[in-house]
Amino acid sequence: MRWQELSAGDAGYWAAEQMSRSDPLPTMVFAPVERQVAEARQLLAQRGLPGDVLSWSGTVRMRSEYGESASEWEAAMEYLAMTESSRDFDVDSEDELPGFVTRQVSTRLYEWQSIGPGGRVTAYDLPHAHFVDVTVRPLVTRIRGGRWRPPEQVETAVRAMVGPARDYRLRAVFGYPEPSAYEAANLVRPAFVFVLDGPSDGEGPRWRVGIAVPATFGGEGDAEPDDDGGDMDSDWCV
Amino acid sequence: MTVRVGVAWSTYFQRPLNQRLRYRRLRYAYRAPVLFLQGMLGSGADIEVIDLDENLVGASLGRGSAAQRVDILYVATHGMTTANGFALGLHSADWSLLSGGFGAGGPAIVVFDCCNLVDLTVAQWDDVWRTAQLGPQLRLILGFSTPASVSQQASIRGTAFARELGLQTVTDAWFASIQNTSYVGTDRPISIALGDDDADAQYQLDNLRIGALPGPRTSAVPGVAWRS
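Quick mapping for you: the protein sequence lines, in order, are chains W and P. Letter by letter, the first sequence follows residues 392 to 629 in the working numbering. Letter by letter, the second sequence follows residues 75 to 302 in the working numbering.
Be aware that a few hints might be false.
What the hints assert, rightly or not - Simulated DEER-style distance windows between Cβ atoms:
| # | chain 1 | residue 1 | chain 2 | residue 2 | range |
| --- | --- | --- | --- | --- | --- |
| 1 | P | Asn92 | W | Tyr501 | 25 to 35 Å |
| 2 | P | Ala157 | W | Arg412 | 31 to 41 Å |
| 3 | W | Gln437 | P | Thr156 | 49 to 59 Å |
| 4 | P | Val295 | W | Arg426 | 50 to 60 Å |
| 5 | W | Ser411 | P | Thr205 | 49 to 59 Å |
| 6 | P | Arg89 | W | Gln437 | 51 to 61 Å |
| 7 | P | Gln112 | W | Gly490 | 49 to 59 Å |
| 8 | W | Asp592 | P | Gln198 | 17 to 27 Å |
| 9 | P | Arg204 | W | Ala407 | 13 to 23 Å |
| 10 | P | Ala197 | W | Ala429 | 45 to 55 Å |
| 11 | W | Ala551 | P | Asp200 | 34 to 44 Å |
| 12 | W | Met473 | P | Arg137 | 35 to 45 Å |
Unchecked claim - For the chain P half of the interface with chain W, some residues (derived, Cβ under 8 Å), not all of them:
| # | residue |
| --- | --- |
| 13 | Tyr97 |
| 14 | Val224 |
| 15 | Ser225 |
| 16 | Gly240 |
| 17 | Thr243 |
| 18 | Thr255 |
| 19 | Asp272 |
| 20 | Ala273 |
| 21 | Tyr277 |
| 22 | Pro290 |
Claimed, not checked - Computed far set for chain W versus chain P, every beta-carbon distance over 10 Å:
| # | residue |
| --- | --- |
| 23 | Leu397 |
| 24 | Ser398 |
| 25 | Tyr404 |
| 26 | Asp414 |
| 27 | Leu440 |
| 28 | Glu487 |
| 29 | Arg535 |
| 30 | Pro541 |
| 31 | Pro568 |
Hint data in this document are derived by calculation from the structure and do not stem from the laboratory. C-beta atoms are modelled at their ideal positions from N, C-alpha and C, and glycine is treated no differently.
Based on the sequences and whatever the hints tell you, model everything.
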């Protein structure tokens, strides 16, 4: 995943740059969780794949009886090909992964990157467990994006997060922040994700906080926003 | 056996003016412990809320405290590697984990949902953990070897850990929970096990499960094993 390092003052410009590349991106709609669960169970049974369906999210964990990680990876890819044809893959760099993860791919929804923690396939190599988590929810439709959020609102959110902090490191990425395997999810909206790390030297604690600022609003079924940012969710600010 | 779970957190901090930027408010530090508690309640655990925010002080965690009555303790606040090991940044003061008494009567497992439990770049960093200041009941310490994200999204790791504990060993459950709830290139988990000797510590690291918690160690100074 390509993080971009920024200063808080550049956040609005950076967001505008992302937005300038296309019309407002659509909101991706997943099947209802019950349907995700039922279809995942049916597919695994039909193909005889060694997976468990997580009943709360409909995502799948491949775990073979013999702990053969290669076969689990193949089973995960086979399952993915059956459930989701609209995605491409990006292999995550080994430098970005802990030692207990043997490989991981992030996906792209059409040409736009899924920035996780969902929307990816992760192979684990742990002392008692070799398994592959497929946290890729099948898409059923796309809702047209209404309009982009004004970049100055993005910058306002980032400045609120940074506050008076000094010697910080701010990273940003744009895409679809698909939810983890531990959450029910019916849709995902494009967002700007910012991660802020506090001072890395000197006495006292470090810290890391983050926000996900929705990139669009006003799509089908969405209330029209205030231009002054009055719809902004105060929970972005940490 | 019913597992006893305790939680504690600090979300805001009082410090002298020149330290306030370091002790940033952690608005969402309550969420991961509460989500963990909720998940564990669903599996039949007994719960104990230790102390919160301004009431969470060193005495809440040390010898004779309520924290000693639980099997698993989940703490979220500021954390920092120090020359003496690890310290929690609580509401109005820091508290050094190795100040003595922690783990004397419990918990067996502690989760520090905090930044920088250890600094892996320091040679032989684990020597400081080989100390009689850690009580015999304490067998597993879970945390992060990096900063730990505090945000609405990342706090789902509390739910994740409760669910994974029913499926795997404690260390594996922690590792899967963090990887599955983090953005790529951010938070890294670590697990430190304490044993009668290094071999016993390694056994606990690899095998400890929530349904079969070990008894106290017999050695005053623990053996240590770790994985990240």
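Okay, the hints, checked on the actual structure:
no.: 1; hint: P:Asn92 x W:Tyr501: 25 to 35 Å; in the structure: 50 Å, violated
no.: 2; hint: P:Ala157 x W:Arg412: 31 to 41 Å; in the structure: 49 Å, violated
no.: 3; hint: W:Gln437 x P:Thr156: 49 to 59 Å; in the structure: 56 Å, holds
no.: 4; hint: P:Val295 x W:Arg426: 50 to 60 Å; in the structure: 56 Å, holds
no.: 5; hint: W:Ser411 x P:Thr205: 49 to 59 Å; in the structure: 57 Å, holds
no.: 6; hint: P:Arg89 x W:Gln437: 51 to 61 Å; in the structure: 60 Å, holds
no.: 7; hint: P:Gln112 x W:Gly490: 49 to 59 Å; in the structure: 31 Å, violated
no.: 8; hint: W:Asp592 x P:Gln198: 17 to 27 Å; in the structure: 21 Å, holds
no.: 9; hint: P:Arg204 x W:Ala407: 13 to 23 Å; in the structure: 54 Å, violated
no.: 10; hint: P:Ala197 x W:Ala429: 45 to 55 Å; in the structure: 54 Å, holds
no.: 11; hint: W:Ala551 x P:Asp200: 34 to 44 Å; in the structure: 40 Å, holds
no.: 12; hint: W:Met473 x P:Arg137: 35 to 45 Å; in the structure: 57 Å, violated
no.: 13; hint: Tyr97; in the structure: 7 Å, holds
no.: 14; hint: Val224; in the structure: 5 Å, holds
no.: 15; hint: Ser225; in the structure: 4 Å, holds
no.: 16; hint: Gly240; in the structure: 12 Å, violated
no.: 17; hint: Thr243; in the structure: 6 Å, holds
no.: 18; hint: Thr255; in the structure: 5 Å, holds
no.: 19; hint: Asp272; in the structure: 16 Å, violated
no.: 20; hint: Ala273; in the structure: 15 Å, violated
no.: 21; hint: Tyr277; in the structure: 11 Å, violated
no.: 22; hint: Pro290; in the structure: 24 Å, violated
no.: 23; hint: Leu397; in the structure: 15 Å, holds
no.: 24; hint: Ser398; in the structure: 17 Å, holds
no.: 25; hint: Tyr404; in the structure: 22 Å, holds
no.: 26; hint: Asp414; in the structure: 26 Å, holds
no.: 27; hint: Leu440; in the structure: 18 Å, holds
no.: 28; hint: Glu487; in the structure: 4 Å, violated
no.: 29; hint: Arg535; in the structure: 25 Å, holds
no.: 30; hint: Pro541; in the structure: 22 Å, holds
no.: 31; hint: Pro568; in the structure: 7 Å, violated
Checked against the numbered hints above, the structure breaks hints 1, 2, 7, 9, 12, 16, 19, 20, 21, 22, 28 and 31 and satisfies the rest.
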